[in-house]
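S.K.: Going line by line, the protein sequences match chains A and B.
What the first sequence shows, in the numbering used here, is residues 3 to 161, in sequence order.
What the second sequence shows, in the numbering used here, is residues 800 to 1540, in sequence order.
There's no promise every hint is true.
Derived DEER-like restraints, expressed as beta-carbon distance ranges [stated by the list, open to error]:
#	chain 1	residue 1	chain 2	residue 2	range
1	A	G44	B	D946	17 to 27 Å
2	A	G44	B	G995	53 to 63 Å
3	B	P856	A	E123	49 to 59 Å
4	A	E129	B	A1310	47 to 57 Å
5	B	P1372	A	L32	52 to 62 Å
Computed from the model, here is a short list of chain B residues facing chain A with C-beta under 7 Å [said to hold, decoys possible]:
#	residue
6	V815
7	A817
8	V821
9	G823
10	R1067
11	E1069
12	G1280
13	G1425
14	F1459
15	A1467
16	P1472
Because the hints were derived from the structure by calculation, they are not lab data.
Beta carbons are placed, not taken as given, at the ideal position from N, Cα and C, and that holds for glycine.
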Amino acid sequence: MKVSFRLNGETRSIESAPLDRLLDVLRRDLGLTAAKEGCGEGECGACSVFLDGVLVCSCLVPMAQVRGRSVETLEALTRPGAPLHPLQRLLIETDGSQCGFCSPGMIMAGVDYMRRLARGEVEDDHEARLRAIAGNICRCTGYTKIVEAIDRAIEEAGP
Amino acid sequence: MTERAMRLVGNRPPQVQARERVTGEAQYVDDLAIPGLWHGVTLRSPIARGRIVEIEPDPDFDWSRVVLVDARDLPGRNVLPLILDDQPVLAEREIRHPFEPVMLIAAPDRALALEARNRLNLRYEAKPIAVEISDALEARVKVFGEDNVFKQIDIAKGDLEAGFAAATIELERDFWTGPQEQLYMEPQGMIAAWEGDQLVLRGSLQCPYYVQAAARAVFGLEPEQVRVIACELGGGFGGKEEYPSLLAVHAALLARKAGRPVKMVYDRAEDMQATTKRHPSQTRIRAGIDAEGRLTALAVDLVLDGGAYCTLSPVVLSRAVLHAGSAYACPNVAVRGRVVATNTPPNGAFRGFGAPQALFAMETMMDLLARAAGLDPLEMRRRNALRAGDETSTGQVLEQAAAADVLERAAEAADFRARRELYDRPQTGSIRRGIGLSLIMHGCGFTGAGESRLKGRLTLDLDARGEQLLVQVRTGSTDMGQGMRTTFKQLAAEILGLELDEVEVAAQDTALVPDSGPTVASRTLMIVGGLVARAARQALTSLGLEEGAGAEALRLALAGRGRLEIEEVHEPPATLFDEDHYRGQAYPSWGYACTICEVEVDMTTFEPRIVDVVTCQDVGRAIHPGIVEGQIQGGIAQGLGYAAFEEVQMHDGAMVNANFNRYIVPTAMDLPPIRVLLHESGQGAGPFGAKGIGEMPVDGAAPAYVSALAQALRTSFRELPVTPEAIAESFLRPRPGKADA
Ligand code: FES
Ligand code: FES
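So here's chain A without its partners, still in its complex pose (with noise of 0.2 Å):
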């Protein structure tokens, strides 16, 4: 079947099966790798990415539903030339990336975080700066550099 969406901002059109998962398609097809596949089953969030501004794991989401809807990955934050996000720049400082497997689908759970805040969706504290995060597994860090570098993206991007 033709599938033609949104990715990152242009319009694509290609051939693919319903039930093809869109992380394989971004990996395998398109060459985006950023997205990760650490479980394949929606456990660890390495595979995140936007779905109509929805933060999803894309190794569950079948190709039939993406039809006419727009996907962002992460390779739509770094543009040649423009500076980092401020999550993915803390997150270098903080050390906050050890093997940096989980970094892509962490700074997407981050990211996603902080539009929501921005939006004035969520009520922020620490308990839910640590549930934005939840469900993206860091085996490295113990999180404790991860959590530092979202704070200081929060409290850098200001009230």
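Based on the hints, put chain B with the ligands in the right spot on chain A.
M.R.: Chain B with the ligands only, in chain A's frame:
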């Protein structure tokens, strides 16, 4: 130690590849685009032990579209070489563990390969199995030799019976720990390609030269015919020490038969079921203390479950027995360690490497002894902590021992004594609280004579022939998130007087870098980093320059010859440790760590919550404090997972909860900020006095957590993990043997 003020050592520069990691540009093995690539999968044994009768391919399937490999496709012996050479590359007739690889299938796409696998019917005859340590010791089922013992090690010091005679209190207790899954976030993956008569292997692996050695042995190749490239690594923790050798050989067999590159990437379930885990253990400790609470005698009998094949188990056992006495002085010691064979998948390297099991038992025993003596856990450790000049169980006299320092600093930061007393008072509400501590030491680097055998190598290349001075560090050590590349750049740049971006670390590719020894055992910074420093100093000496000379001076000095290549080899004398009697210097440095954990338990649900973690760790010198803190926080998180969350459920030798849903690892909501105090004694055997820090943080987390839980619930736990179910059970139905007050 240099007199000069340091410019880069002790700083927190951005890590090499950090930008690529946060933008998603970093290339992990499954991210590589290789034209014409096929995908490989593995047919595995559904039973723990038996005989393969036949493998029937479904006649209705078009087998011309796929490639099949079995043991008959091996060019030589069917053996994956390691310590005992007992593990076949593919099972031929005998099956010895669940998920043992039997056949390999490659196809142009993964779905087709999986479909083909489903069309293979493996017929077998099952045989009786041994899956617990107790089964192995009974030896009714013989998995290995006559007694199922892969290896036994004994340590003896002093006069044990005299020690017990001098004791006023004597206790004997048993302890158990379960398996633990490394759960690196990136599953195992490998791409094999035959380019002419050269085999090129790209993968997620810790030890390129281990993989090269295995592939050479299986295919009968010369070193230069096997090129191994470590891709960006999505975590290892030991899980990618020995296992990638098997995966590499599998992928290479498929690639050879298919005549094209083949990629094998495990899915999460397969990775959890089939690959190595932390060895389960069973430990009996008998200990005596005198009226002052000082250890007079210690007898430890420790058994590890090695699984069906030996892999690295004897080395894991060695570390376990050497850590059995934790960080305490005791004049009379007897340790017996055995690692036994069972019909479970082979267990293997996992951060800590035998030490966490031994230290959980000993630290928990120290709490029990303290309670029997009427001392608090802190005072008990104060009275027994090893000090400079003391002797370990193997008779190694410690030139430096920071046990007491880290203990006091952590206790003060956590306000341990006041809180312990507070929580000792009667608690009645629905939330019960406890605080516990552990004090441990961890040997940095390979055990005993290991380093003398390894002879790790490293090359430093200074090239002034072009416009710019090029300085390159060439090492076979890999960067799995522990920051090797960044730290090595700091070391070379510090000594040569360069900026960080004037030094590069060559790719971890056997065609480019020498064998620095495996990336394991907390040895990378201490041993291989030491070679970086030595090479840099050697370069300066041979150019007649002072430390910190700088780019201009180096260029001028190199003007005549253009290029200077320094090779350094680590060759410590093999005589420091007597492997036959386990006497002497077991490790070049020991690190010391105190970890304090505070918990709350909801008495309605029996859900524990970790509310505070403080640790003080003697790291010698923090070359990059951000990296070091990250290692410590991450290691503690893994240790807390081991203690509180991570239960590998086994049925007939097979893991049955092989997913994130049922094998629970800590999330951000499960952990408080982990507060780290770095103790920089500057007295490690590594560069600038650094010690290895990769593994030590894991060791002390579990006993500290269990100690806190024991206080909160007025009981004790002697088995890991302590799940909420175990807590409820101990409270509602105390079981003799597993929990005692
Ligand atoms: S890969 Fe999608 S959630 Fe783990
Ligand atoms: S940095 Fe390795 S999993 Fe998070």
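S.K.: All the hints need checking, so say for each whether the structure fits it.
M.R.: Now the hints, each set against the structure:
| no. | hint | result |
| --- | --- | --- |
| 1 | A/G44 - B/D946: 17 to 27 Å | violated (46 Å) |
| 2 | A/G44 - B/G995: 53 to 63 Å | violated (44 Å) |
| 3 | B/P856 - A/E123: 49 to 59 Å | holds (56 Å) |
| 4 | A/E129 - B/A1310: 47 to 57 Å | holds (51 Å) |
| 5 | B/P1372 - A/L32: 52 to 62 Å | holds (57 Å) |
| 6 | V815 | violated (11 Å) |
| 7 | A817 | holds (4 Å) |
| 8 | V821 | holds (4 Å) |
| 9 | G823 | holds (2 Å) |
| 10 | R1067 | holds (5 Å) |
| 11 | E1069 | violated (11 Å) |
| 12 | G1280 | holds (3 Å) |
| 13 | G1425 | holds (4 Å) |
| 14 | F1459 | holds (4 Å) |
| 15 | A1467 | holds (4 Å) |
| 16 | P1472 | holds (5 Å) |
In summary, the structure is inconsistent with hints 1, 2, 6, 11 from the numbered list given earlier, while agreeing with the others.
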